[in-house]
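Participant: Hints given; two lone chains; assemble the complex.
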Amino acid sequence: MSLNFYRRVAFGLSPNENPDKDPLNWAINQLDTIPDLLWPGTIPTEKDLRKKYGEWVYGDREVLRKKFKNDKHAYRKAKDELRIKTGERYFELNEHAIRHFQTKYSQQPVFERFWLFWGNHFAISEKDFLAEFSTGPYQREIIRPNMVKTFEEMVQSVTTSWCMIHHLDNSESFGPNSKKGMEWGETINENHARELLELHTVSPNAGYTQEDVIQLAYIMTGWAHKWDRKNLETGDIWFDQEMHQKGDKIVLGVKYKNDAKRELAKVIHDLATHPICIKFVSTKLCRHFITDEPTEEMIDPVIEAWNKSNGSLIEIHKAVITQAYKYNENTHKFHPPEIWLMQLSRMFDLNIPLSFEKMNYTFKSKPNNRQRQLSWILREIGHSPYRAKQPNGWSDLEVDWVSPELLLRRFWFASVELPMLIKSGNRSHDFILGCLKNNFEDHENMASLIDNFRFGTSDYDLGQKYGVICNLPGVLKI
Amino acid sequence: MNCTRRNFLIGGSTTLFLSGYFPKISFASMQKKNLIIISLRGGMDGLTAVPVIGDKRLKKLRKKLILENVLNLNSDFGIHPKLEIFHKLWQKNQAAFVHATNIPYTGRSHFDGQNLMETGAHIPYKEKTGWLGRGLLASNIIGKGLAISLPMPLLLRGVPQNNNFFPSPDFVETKLIDQIYNEFKGEHNELIKSTLDTIRQRPLSMQIATDSDDRKKLALEAAKQLKDQSGPRVAVFDLDGFDTHAAQGGVDGAHADELEEVNKIVTILHKNLGQAFDNTLILTLTEFGRTIKQNGGYGTEHGYGSAILMAGGLLKKSQVYTDWPGLKKKELFEGRDLNSTIDSRAVYNSAMSVCFNQDPEFLRKEVFWGDELPDLSQELFKI
Chain Y
214 MSLNFYRRVA
224 FGLSPNENPD
234 KDPLNWAINQ
244 LDTIPDLLWP
254 GTIPTEKDLR
264 KKYGEWVYGD
274 REVLRKKFKN
284 DKHAYRKAKD
294 ELRIKTGERY
304 FELNEHAIRH
314 FQTKYSQQPV
324 FERFWLFWGN
334 HFAISEKDFL
344 AEFSTGPYQR
354 EIIRPNMVKT
364 FEEMVQSVTT
374 SWCMIHHLDN
384 SESFGPNSKK
394 GMEWGETINE
404 NHARELLELH
414 TVSPNAGYTQ
424 EDVIQLAYIM
434 TGWAHKWDRK
444 NLETGDIWFD
454 QEMHQKGDKI
464 VLGVKYKNDA
474 KRELAKVIHD
484 LATHPICIKF
494 VSTKLCRHFI
504 TDEPTEEMID
514 PVIEAWNKSN
524 GSLIEIHKAV
534 ITQAYKYNEN
544 THKFHPPEIW
554 LMQLSRMFDL
564 NIPLSFEKMN
574 YTFKSKPNNR
584 QRQLSWILRE
594 IGHSPYRAKQ
604 PNGWSDLEVD
614 WVSPELLLRR
624 FWFASVELPM
634 LIKSGNRSHD
644 FILGCLKNNF
654 EDHENMASLI
664 DNFRFGTSDY
674 DLGQKYGVIC
684 NLPGVLKI
Chain P
668 MNCTRRNFLI
678 GGSTTLFLSG
688 YFPKISFASM
698 QKKNLIIISL
708 RGGMDGLTAV
718 PVIGDKRLKK
728 LRKKLILENV
738 LNLNSDFGIH
748 PKLEIFHKLW
758 QKNQAAFVHA
768 TNIPYTGRSH
778 FDGQNLMETG
788 AHIPYKEKTG
798 WLGRGLLASN
808 IIGKGLAISL
818 PMPLLLRGVP
828 QNNNFFPSPD
838 FVETKLIDQI
848 YNEFKGEHNE
858 LIKSTLDTIR
868 QRPLSMQIAT
878 DSDDRKKLAL
888 EAAKQLKDQS
898 GPRVAVFDLD
908 GFDTHAAQGG
918 VDGAHADELE
928 EVNKIVTILH
938 KNLGQAFDNT
948 LILTLTEFGR
958 TIKQNGGYGT
968 EHGYGSAILM
978 AGGLLKKSQV
988 YTDWPGLKKK
998 ELFEGRDLNS
1008 TIDSRAVYNS
1018 AMSVCFNQDP
1028 EFLRKEVFWG
1038 DELPDLSQEL
1048 FKI
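In the order they appear, the protein sequences are chains Y and P.
In short: position in the first sequence from 1, add 213, done, that's the working numbering.
In short: position in the second sequence from 1, add 667, done, that's the working numbering.
None of these hints come from the bench; they were simulated from the model.
Careful: at least some of the hints might be erroneous.
Here's a subset of chain Y near chain P, in silico, CB distances under 7 Å, partners left out [what the hints assert, rightly or not]:
| hint | residue |
| --- | --- |
| 1 | GLU399 |
| 2 | ASN402 |
| 3 | ASP613 |
| 4 | TRP625 |
All C-beta atoms, glycine included, are put in the ideal place defined by N, C-alpha and C.
With the rest of the complex left out, here is chain P (with noise of 0.2 Å):
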């Protein structure tokens, strides 16, 4: 890549001073938005997902991780061979990517970053709920989040009655519910109760068993709910598997496999979402990148910055959005990991304005404490 910092912020945002801004409630916004999060923990590669073309100084630092094969988005990127969909979206304006980006965390540890990618704040373990379950309470729009998991994950807790679609092996008698909800008395027995609550409100379509290690059937069951006009608007997938220290690999290593996962997900969802796709965004989350150098494994290290993977029918159009920092030594934070220059909560706030039709300000003060975050909508999504 011969482009330096800021001498190009990819994205249309030089036409949007042509075009104007003028916020208006369109038929498209009575439709029901989807917003879905998938969150790939270990800390996701944006190097290996979204890689610069012709970098010769990563080459060099990567010379056991060269990618071949990949699919040219633009003269400056391109996206890993495993994620065909994304690179199949790209040409109808329905994938983008930003890149550089991370969750204001420096500090490398797993437990600590994820905690901060779902809770949205600045210091560990110190909130107990997540930016996205806020954002839902805030927009009063409750018991419409769906996790494809089996715990309830972090980001998504804050408003009450959100389900989770995980199945267990045989259909389960919900009415022996019923039997024992009234034990559950005093305020320590409050979360369950509440969880029982929301069992017992479940759609019947929820309440079949099916095979859970089946991600393909797991996503499929999610676009169902998600196309139904009273379903959920908000799914939340949880991926792990991103921390290659050892054998990440090029195109077919221990990072392509999982990314090979993201693009079955993504490619399932949009095919069964129809119509629908139009009105969802995808959004990717992770903890942290990875160093830009590999380590004595054939892997890399903890790094910072990464990319935040994007498609769907809301998207503005596709494109890498990005406030290119540099892969040289001193362009590098503390000399090793691809910088961040845009907060990713600043697109995840964008993102929840746009679906669940809030003005980004408000959101901003009562999600994440009114922190410095730039609207984004109007580059990022179509509003």
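The following block holds chain Y by itself, in its conformation from the complex (with noise of 0.2 Å):
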């Protein structure tokens, strides 16, 4: 077996690892338990960032705007010291360094691996303050603790949690006929109903029809956060039995009787056991892992899997990570920035994230440019994983990661930037070779390439070198 399935199915071998002798169970070993989070700097839980979220909004919208409604200046000055204050500048960059710690040390990375596909799959795109307060520990609270469970769980979770709801405009969804609808005139927010059909389970492979989307969104009235006039939107999920939609309700033929909050549960249960739902999903995860379009032939242990287990995440990622193992060798997968970015840090073990301490956050001042700098990277390398531009995610397909400008940014990376982050004890000629042998089989040739700077240990050879390394075909790709 060629050493780049530790590639394909995680982020490669550190310095101080060796590859197994048997990558198949090494790989598969790592699905069973949800690895601790390594991070030894502060992990804030989802309801202190919300609270952190509705100080912020709270503060400039009904304070700040309102004291200094005719003085601009003072109001941005302000506004400034409340970022500060509430850490609304920070908290992302906090974010970022726990999941690339957990990518570079975590001993399960292979679980890291689905970790990343889950979180892009129920993507939270970039709207209001999302990124800065929400998208992490979603994350971690929703995404991480569902992936040793079932698939339908796991949709059920995202479904009524604050983020996603927040996301996809869910509290601003009244039935027509419920009684706050009535009083006020309101009616449905489509958006989070057609998002959870289209994106999350069945696709519109489905077929499903607009009075489909219609219906799943009454069911799904009610779903919304508890508005308060301190919180504002901050509020915790509930269900108002004064939002939701009376009766009985028809979606993709099925009918689910008038049942208030219990119909969602319904639903969800008939969504993600559907096949095209099961099909749908399996063939994103051998996009992922396997190669861009992934024949029948490699999707249909998956949806076997999936079938026989119930859709239990554990079995159905076992059969992934097996097709993945049995197809290494003849198919190519080219990585997205950020995943590539994870394997140099791994492979060579660079020096992101900052350490712990120094990204300790004292809401004095704002964050410094240290502390900024792998949240700038991942966007300058146009992958900020928790500002997709759409609620579709990232996209896992080469055709659209590949363009002039992207490449460049990736030649800048490993030759501008990359240099910087070599751990001084790591700056000889030879750290680099052991590096290539621990990971790529044509190691000898990819020395080759740069063996005209092997006396070199200055940023600019180190430039030359890792620029010439890190854009080989064999790095970019599997």
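Facilitator: Here it is as structure tokens:
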């Protein structure tokens, strides 16, 4: 088995890891349990961060805007102070550190790859202040714990999470015949219902109609944040009977009897176990781990494992890895920038993320440049994970990640930024050769391409070496 | 608005019969003509950008989204106050609008819709190339596409050697590429290899480092490139954020902010293209319009018909070109959306034919599989 399997399903091997005698077992054994988050710094809870979110929006909207309504300059200054005080510019940086620390050091890196996959399947795109306060904890507290449960349980948690409900506007969706809907003349907002069908479960392949979307939106009415004057939209999610559309609903030909908050679990059960959903999500998994255009032959065993285990994610993940192993030698997969960065970080033991002591934030001044470094790099290489442009998340296709500028950004990172991330003990040529040998069969050919610089250890020399190595076809893709 | 369906095809088509139409090769056609597409992702609300004036039903259905200070175009239509440059160009016959138009897609999914607005096809994800890329290829215009975005938009795919401009923060030594170029072997490395070719052939001016967050700078550089006789002939801008399910607002809301971005880009292009603006067409592209009625969050839902905003010296004249379907319930698409009476692909096909000096019939066959798309070049553009 080629060494590239460790990059196909994980992040490559760090300088102190060795290839396993049985790579398939090595990978499969990582999927039964949820590894602890290793980040030694602060890991705030979702609830704490939502409180901060509330302080930020309340302070800005209800206090500062009123107080300084005639003084733009003073308003701006006060707002900047509020940013500092609530950590508005800090928490996303900390979340990136938690994430990248995990992919760098986890003893179950294969599990972590699935974590990234699901976080992107149930993506939270750039909206309001979600990336600042909410998307990171959503990945940790909603996505992660569900990865050893069933797909259906995952969908249930995601759909009723504060983050997704805010992301897709379900709090603004009123049953037109509900108490509040009638009183206030309000109606549904279809956004969440549509994406639950299209992106999260059955996909357009199921052939649902506009009426199906409306009926599902009716079922979902009432699942909203609890609003109050102090927390505004950041209150807990609950089921508000007074927003809920009364009466029976029909989605994809199935009738759901008027049953208030219990309707949602029933329809999610049917969607998450729908054969078209199973095929759609299995295909996406194979696309992520095997190749951009997976064949039925590749996908079918995953569907089979899904059906056999009633949607157990552990079993599904194992089947995906088994297929990835089976097709490892004759398929290619291009990696998007963040995964590429994570792999470089693990293989070459780069100095990212910043140490937790230095990431510590005092809420007294703006985060410094070092604290912002990882997030800045992610943005510059085109892949800031919690800021997907749209609710379908980041693409998993090579064509979407290859353009002159996107490739240039990778050259930029590897030749300009990366040398500054090499640990002081790792600047020798032998260190690079060792890492290459650990991760690539054709390490000798790779080494020959940077032989001209073998005596160089300056940032410039390292830039020339890593600029070449990191952008070779065998590093950009499997 | 008092007019009903088909009682007017706003535009100058009546004069057409009087003046006659003789295709001619003029000096102008030898000049390089630029086609600029601005993608508006998320579903641009045609009724916010180009509102009908005095429609009581619209006012009733959009109580919280009322627009004030609309800039009037004619007795029937106005434009959003943030679209100032279009109003200014309108006075000079350099801005026009196509209304109640869309790609033939009614599914209301962003992702399917955006895929189709770019491929120009009928089935989502079936085609892997964009209509603009195919149009360039069919016209044998190679290596003249420029995307102002980090990824290569699907719209431009299908023709080799497109460039994009969205520079990294530092200067990048492209000579590194020479050292690894030969390592890209085999079919599965073709895409990367040809992209590396494009990088190696980039003009020096594109190797600058700048702040890519600054849309003004990007638009400025695009204008510089397009102005160059040997530079790109096609540019694609990509804007998102038009999906205003909540807080869409009127003069100042979320939709207004996005229109302001469009206005900014067109303003910069207009200013910096100088003379070349006379040989330029700027057109917007979106996946669908939005519902007539406001929703529970003072926003709007995914709809159908929208509008195309157009600017440039290659426009025939200032006009709102439409076959207005009306806004009464029975006139709406599925009782909720502005209908689309013009397949927007006809506009794009005609625009390509003008800018690429091609027979629209030929392009229609090469690019849009021979779909029924009437030639609108005489109505809309200078030929």
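Participant: For every hint, state whether the structure bears it out.
Facilitator: Taking the hints in turn, this is what the structure says about them:
1. GLU399: Nearest chain P Cβ about 4 Å off; hint holds.
2. ASN402: holds (5 Å)
3. ASP613: holds (5 Å)
4. TRP625: Holds, because the Cβ-Cβ distance from TRP625/Y to chain P comes to roughly 4 Å (cut-off 7 Å).
Hint compliance for this structure: no hint is broken.
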